[in-house]
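Q: Below, each chain spelled out in residue letters.
There are 2 protein chains.
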Amino acid sequence: MVWKFDEIYMTNINGVRSAGVSCGLKEDNKLDLALIVLDKPVFAEAMFTKNTVKAAPIIVSKRHLEKYGMIQAIVINSGQANACTGEKGIKDAEMMAERVAKNLGIDKELVFVASTGKIGAYLEMDKIVSGIDMACKVLSKNSGRKVAEAIMTTDTFPKISSVKYGDVVISGIAKGAGMIHPDMATMLVFIGTNAKLEKDAMKKILRRSVDRSFHQISIDGCTSTNDTVLLFATGEKEIKENIFQKGLNLLTEDLAKMIAKDGEGATKLIEIRIEKAESLKKARVLGRAVITSNLVKAAFAGGDDNWGRILASIGQTGYIIDLNRIELYIGKYLVFAKNEPLRYNSQEVKNYLKNREVMVRIVLNEGRYNATSWGSDLTEEYVKINAYYRT
Amino acid sequence: MVWKFDEIYMTNINGVRSAGVSCGLKEDNKLDLALIVLDKPVFAEAMFTKNTVKAAPIIVSKRHLEKYGMIQAIVINSGQANACTGEKGIKDAEMMAERVAKNLGIDKELVFVASTGKIGAYLEMDKIVSGIDMACKVLSKNSGRKVAEAIMTTDTFPKISSVKYGDVVISGIAKGAGMIHPDMATMLVFIGTNAKLEKDAMKKILRRSVDRSFHQISIDGCTSTNDTVLLFATGEKEIKENIFQKGLNLLTEDLAKMIAKDGEGATKLIEIRIEKAESLKKARVLGRAVITSNLVKAAFAGGDDNWGRILASIGQTGYIIDLNRIELYIGKYLVFAKNEPLRYNSQEVKNYLKNREVMVRIVLNEGRYNATSWGSDLTEEYVKINAYYRT
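Chains C and X are the protein sequences, given in the same order. Each residue of the first sequence is one higher than the one before, counting from 1 in full-length UniProt numbering. Each residue of the second sequence is one higher than the one before, counting from 1 in full-length UniProt numbering.
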């Protein structure tokens, strides 16, 4: 038996209901408040942004999660990040949890809060409070897609992915990275499973998956104040830890690629494979360096086979790069090897780069570690979105 | 007596002659080969890119400089970087030095070589060799500006600055950072002085100045394979070390700002001042983080007072940011303090951001260290230059 992708929602898991509503934070009655509710408290683990400027909901959610190590509800608003909002911001995030808790008749520490949107403005709490009350009334099993839509900012499509292994389900939703009109920031990911997992193991399993997926994508090199990845497990179905890890890896990689592909202004998904590195860390750092390079990303936007920029970007990491050993491929085309620029058909490579998904392989030939990273190209549209749309 | 800026060239220094010629590496007969020659060998110090993928001229120049610790000539070509060109690249760089040495009748190890331009293509040595022969024949005292022009790639203006303190002169030329049509990379800086400096002190003095100037600018966050800063001193005029340091700081800061201002596609110079930090390192790292943030740079391109991105960018460094203490100014406007977003006239700040030079102050209120960094805004033109012009 193997993990298979399946078109189901988180609400297909027993005991999970949700709602996605519009409370007026976004224009045009777009969905902007999401609520996920469980019939009973379940184990959960979360990872938060490494940015030391942390948004209020992160501070509050971390504190809540630490109390029981469990959650029974998740409330998320889009449109306003509640970051750099001081004490009032903390109170507002707490009020969100309290309002959910009161409606559901549960402890407020069982409510996990997240926000995404513009940094540096207070939440419009009147709208959010009425949104929460509304959402609590319309919880259902058939609102999975609405929840994914309600956490979107300038994402161009909702990001939902699910995998199945027999009767074990893992299902996740994500909101893309890159800052967006009006200055939306933040990557948010919420994953639920009906698997039974040891609480201690969950943390380790989640970190492993995140390190190889969400930590390997870059839209613009900027981390946000609100980034959050949450995993909860209802504990219904037995499964071996290593098998669950495989499924979670599959799912998080799928969601990470969706986020990368939907980067602001992006016209293509770029996949960077670092192969045969001396360490996993080096493989990952090098991959991230390439996918973060403005010059590489701009070249790819223009379909330019300017591979010198790729080598310059890995050199920038400070890691020793042995050009005598490296093979550099754009798609199937070998463009550099044995410290020599190779003759190749430049037009063929340029044609390849016109695809919606392109791949670069850097084979270091120094060890046995591989890593993959993903990102989008850097386009004029990215600059437009981030420079002009708000003003 | 104080250091004063003066409109003179490096060739005003006794014993310095130069030439800037066109040898066909660039189109339209643009100047593309520069030669600076001294009547006798003089002490010199250089700093090179930290990128571990180093261009051939850097490897050769480092080796040459280590032999005597002196130079008698500098040869620079623009248009081709001679990077990622393997053994042949090294031989080509050596041949450049040898050709200059032969023409001048000096040791080849007294010749310093630099290149700037596209990575990953071999030098057109026939053109370069004839360019060197030509340059050696037209060395003069009145070619200072031509030399600065000959090292340009897509810089929009030659970068020349000089300071005087009595009869002590320090004069420098620079070529801008950011990669450019056709994929020009590399920051190059050459500084000459008639001051008498201890060889040991030169290294220390140069590093101090570079750390606070060229190491604090960013166009696109990408370091290149060819970055080089060279200082030579003819030793004619006595001066105290600390006074010379001040003059060199003044000069390097001036050149650094010119480079930042002339970033690809730039419409404005952004100055970031980190004040009252607990350490100099923290002040510098935070400043670099802001000036490297795509989101901050894109916001400034659009004249958007989106200060949340500034706080997010310093949080990304991993340094603890105490929002309770921070004051954030855009120009003279205080926008955030004591962990509170402040009420201010957003339109006034937007108007301020329309200026050609804008300034941000982040007062940390935790110590006594300050640092300034500079960069350009991120515009659609930057993307165009780096995506489409070559293809």
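If you are wondering where the hints come from, they were derived from the structure by calculation, not from laboratory data. Fair warning: this is a prediction, and the values are worked out from it, not measured in the lab. Hints are not guaranteed to be accurate.
Since the list gives no way to pick one copy over another, a pair counts as held whenever it fits inside one copy or between any two copies.
Straight-line alpha carbon distances no greater than 27 Å define the calculated DSS-like cross-link-like pairs of lysine-lysine that follow [to be verified]:
hint : residue 1 : residue 2
1    : Lys338    : Lys62
2    : Lys50     : Lys338
3    : Lys276    : Lys164
4    : Lys199    : Lys30
5    : Lys350    : Lys204
6    : Lys50     : Lys281
Q: If a hint holds in the structure, say so; if it doesn't, say that too.
A: So, going through the hints one by one against the coordinates:
1. Lys338 to Lys62: between (50 Å within a copy, 23 Å between copies)
2. Lys50 to Lys338: between (38 Å within a copy, 22 Å between copies)
3. Lys276 to Lys164: Classified as neither; 31 Å inside a copy, 55 Å across copies.
4. Lys199 to Lys30: For Lys199 and Lys30, the Cα distance exceeds 27 Å both inside one copy (37 Å) and across copies (68 Å).
5. Lys350 to Lys204: neither (42 Å within a copy, 46 Å between copies)
6. Lys50 to Lys281: Both: 17 Å inside a copy, 20 Å across copies.
Checked against the numbered hints above, the structure breaks hints 3, 4 and 5 and satisfies the rest.
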